[in-house]
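Just so you know, the sequences run in chain order A and B. For the first sequence, counting from 1, position 288 maps to 269 in the working numbering; every step adds exactly one. For the second sequence, counting from 1, position 29 maps to 10 in the working numbering; every step adds exactly one.
Keep in mind the hints are simulated off the structure, nothing from the lab. Among the clues, some could well be false.
What the hints assert, rightly or not - To give a feel for the contact side, a few chain B residues facing chain A, derived at Cβ under 8 angstroms: (1) P333; (2) A466; (3) M471; (4) F545.
Computed from a predicted structure; not experimentally measured. Every residue, glycine too, gets a C-beta built ideally from N, C-alpha and C.
Number of protein chains: 2
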Amino acid sequence: MGVLSQLSGVIAGIIGIIFTIFLTFIVMEINPGNEKMQKISKAIQVGARAFLFSEYKILYLIVFAFSLILGFSNSWIMALSFVFGATLSVLAGFFGMSIATRANTRTANEAQSSLARALKVAFNGGAVMGMTVTSLGLFGLGLTFFLTGGDTIVLSGYAMGASFVALFARVGGGIFTKAADVGADLVGKTEAGIPEDDPRNPATIADNVGDNVGDVAGMGADLYESYVGSIFSASVLGALMFDVKGAVFPFLIAAFGLISSIIGIIIVNISIKEKENLDPSKMLHLGTYAANVIELIIIFVLSKLILDTFQAALVITLGMIVGILIGSITEYYTAKKPIEKLASTATSGSAPLLINGMALGMESTAIPVILIGIATIVSFSLLGLFGIALAAVGMLSTLGITLAIDAYGPIADNAGGIAEMSGLDPKVRERTDLLDSVGNTTAAIGKGFAIGSATLTALALFASYIQVTGISMVDLNDPNVFVGALVGAMLPFLFSALTMKAVGDSANIMVNEVRRQFKVIPGLMEGKAEPDYAKCVEIATAGSLKKMTLPSLLAVFSPIIIYFLLGKVAVAGTLAGTTVAGVMLAIFMSNSGGAWDNAKKYIETGKYGGKGSMAHKASVIGDTVGDPFKDTAGPAINILIKLMSIVSIVVIPILMNLFE
Amino acid sequence: MGVLSQLSGVIAGIIGIIFTIFLTFIVMEINPGNEKMQKISKAIQVGARAFLFSEYKILYLIVFAFSLILGFSNSWIMALSFVFGATLSVLAGFFGMSIATRANTRTANEAQSSLARALKVAFNGGAVMGMTVTSLGLFGLGLTFFLTGGDTIVLSGYAMGASFVALFARVGGGIFTKAADVGADLVGKTEAGIPEDDPRNPATIADNVGDNVGDVAGMGADLYESYVGSIFSASVLGALMFDVKGAVFPFLIAAFGLISSIIGIIIVNISIKEKENLDPSKMLHLGTYAANVIELIIIFVLSKLILDTFQAALVITLGMIVGILIGSITEYYTAKKPIEKLASTATSGSAPLLINGMALGMESTAIPVILIGIATIVSFSLLGLFGIALAAVGMLSTLGITLAIDAYGPIADNAGGIAEMSGLDPKVRERTDLLDSVGNTTAAIGKGFAIGSATLTALALFASYIQVTGISMVDLNDPNVFVGALVGAMLPFLFSALTMKAVGDSANIMVNEVRRQFKVIPGLMEGKAEPDYAKCVEIATAGSLKKMTLPSLLAVFSPIIIYFLLGKVAVAGTLAGTTVAGVMLAIFMSNSGGAWDNAKKYIETGKYGGKGSMAHKASVIGDTVGDPFKDTAGPAINILIKLMSIVSIVVIPILMNLFE
């Protein structure tokens, strides 16, 4: 293999970074709007930054402690790559979110003149996130690969760094955003009777901050780890099968996927033109499909050239198809006919809505699991474990553009909030709402890729664990393995319980603070005095940071405890148990939550009595219950599964060296 | 082994049947109360019988079809034992419920004179259920064992018959009881504004019928299958380790457990004396503990005498301790401090109550799973797979008395309803309420035994499956096995979705029928005309029967489909996946449901504003959501797990013969 191939990740990463800087300039040169808008946007920026800094403080305490242990017990290079992987993730999340919190007010401002212009800013703001995450992820992992000659142990340190940050960011951000959301709604809307996003509500800035730290920074860190994890495991398994060619191949796929994403992003920008009845979903779809088609063509060429077989390309094609199908199923359950039926049950009250919504989420696990099963079996029969890992890489290779669309939604959402708070023309809000709703639908493909790739990557990491520990088999007929699997299956439930309780507790503290401010700040309700926004941000920050550590440490220490009690084979059982139960719980919670959210929105379009009706009240309860499901516990479980795997890959061999 | 030992199950079964007849006479000779009470009780009896007959019709259609397939493809003796196992379960459920529906009015009548007398009838009514289930179960399995010389294949047919009936009875009864409950409440209480159990409500008889077919007959069939399943798997695994001694040992344990239960029941009857401040829980506990202590002493003697080791006794002791601990944990989460905290969240509305209730249920999976893990590992290290199966038999050996206490609750509950409907002195209702609440607490031990034994039996059945199919290992590193496990983990979610949706749909039809009757029957609201109770019973019957078949067939056909697609080893993966995910889901759903129920009751004692307060309204929603959790989906999952295992044990070897 030429040096160029081995450096492909680094080169593509650098190209991506340059393109990101270019995109950033495009976004930043847009007029950020009037003083009021800028002030609101600034408050959101400051709050979000404050939260991230506090989060990083705790995170780095744990990261450094862990890296010291790694350094002393194993190797300092690995410890370094661990910190490196974590730091690039932190940078990606921080930078992406910084631009997102600046794109929001610009989107609102552009929406005053036209939908097309607003679409362009919001999309480019999201694209910065997408490109930052993929460029930094690929650059860092590629550099580590190149410098160490593809050393599995050092690479696993990098991947673990990514997983660490992802879990903290998802859990911390998830708790923050829902605590602020519930706190703002319960006191502001229900008790004080002021509208949503009203500047008199002390928690309103915290609420908008939450959208950014949860939906933008949290999601960024999440997908950074998926991306890195899939490339890492494919590279390790590829090396076993095709030697250095196999190890490099996933990097090449990712590198060209990054370039394809850039092309897709450019296509979206070119195709957005001023016209009547602009349909934003067309351009977003065009860009996504173009990127994937270009990537696929390149993959077929690479597959033949490098591995001398089309099977790798077939596996990746299959992965992409399955990802798109899972996305469609997810969309079907959370946005199509089932939602209309679900919304109709709200007319009998919240209990039927809740029962049916949970049934819907549970039912929605069936087809995705079968699709993943098919992808697994076929990939394995074509290319062994390497095939499974490659299918995941294929799904995530165009993450640059799919994440752009994911992150574009919250930007449009935030823009709507700013438009409302600063009293812009209602037409502006209409436009941002349209952008937001289009984003939700177009994001379905990205969601499908995320679910599918997470499960396949978990499978690949499971295989890597078996390989690094030298286990010959994981026999379920061995009671240690079965008990390991039982305990493993329990962990996602316990983890979800802890995160959901954290949301409840933090929301409670927020409620009390908002009540306090309404009482003690004179002139607040009359709009003469300003609320103490920062205090609410502080409270949400403190609450979520205090509560995020325990569930995160659960992921880190469970495999270690199982190792000492039941041995390394039982750890494999635990990983399998966590994976199979966790995947179901994650799909169930995400889709139930999404379904309740959309059932509420459907009723708000005037169905079943519309806003203010009994059905609407019931649907608000459903939506509130669904919030921690879909934005806190659900998505964090995917990271839990992978973090446990990667910790096992890193730590158990070290423990084996020390104790066996 | 002497013939007497080999016949121990049959002999104990016959003794149990004689004792049951004796108990039945004791219950039946009590005065059933005045005409009105008898009329109500009669209506419940007729409705319950009508439902069971319709259910059995469908059930036998499927049982006969399946037995024909078994007969033609394998052996007619096995087909016969399958029908035999199913029929004895049907008889046990039917007879036990018949007495329960007669004990209710007698309890109400006795409660007019004293608490002690009411306690005696209610307990003896429950004891009939407990003794019928254990006597018939042990007699039938023992007879099959004796006649076939312990043939595994034929015995597995018997166990499958038990599982078949259990799933249908649990699912069908579970849908019926909740459809009627919700239907009666939504229209009667909320729309028409008449009190609970009011005779003018057309669905009120259906509601009481539901308690009997769900909580009594459904639970009876459920525990019949647990009992039979545990003895069967222990016998099969015992034969592998100790030859005929090992095969007979579980029957001896069960036989002496049955005798111990009789002694316990007699002790309860003797210790109930007329006195001030009678505390019923003391007598119930006394009987339970006495039965278990006697049984344990016998087990230590038998263990040494027959197997020449105390290890079997140690394993069973461990099983009992773990069962009691799981029961205490369950009680802690659903009745102690966590409930007070949960109830407090209802003051902020139903959404926080629902979120926290779900978190509570998910958290409550942790300790039971760890306890089961300990029991598994220790039992295995002492006596191998036989040890695991024996621990389950130990927990269920005194099922006669623990089930008596389980079934006594619904009888006291029904008695309260009859007292209310026929306008007896409020003091009567107070007494029956006290009996009911004591029953709920004392039943905790039984619940712990049920959860613990179900998981251990599932493990033992898993091992039996591996043994009968001659698989050498079930390697999770084989993608077929992992995919099997993924699909297996999905099944309990899909199954729960189907059953919960069935409750919702059937409740809907019921609501419409009650509304219709209020409209078209003149003079109904004035009490001048009688509602058409039978029609409501019919509707709940039709609805639940139509909906019970699909989820039940899911359990039967999934392993077969997996076999054809992925092979016999993947089926083992599926069973493991279903077990580990299903156990968590079952504990979560049961405990969340129980917690919401008790949080509502706690608020109704006057806490947080008491009845009619905002918190109470929220808690009613929580309770309604929890109903299908704890009474339909939750308990049925345990049977799903075991039915899938037993179907695999029976069917896969047949398919292997045909196709391999």
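Each hint, compared with the structure:
The restraint placing P333 (chain B) at the interface with chain A holds, with a minimum CB-CB distance near 6 angstroms, inside the 8 angstroms limit. With 8 angstroms as the threshold, the beta carbon of A466 (chain B) comes within range of chain A, its nearest partner Cβ sitting at about 5 angstroms, so the hint holds. The interface hint given for M471 (chain B) holds, since its Cβ lies 4 angstroms from the closest Cβ of chain A, which is under the 8 angstroms cut-off. Because the beta carbon of F545 (chain B) sits about 14 angstroms from the nearest beta carbon in chain A, more than 8 angstroms, this interface hint is broken.
Checked against the numbered hints given earlier, this structure breaks only hint 4.
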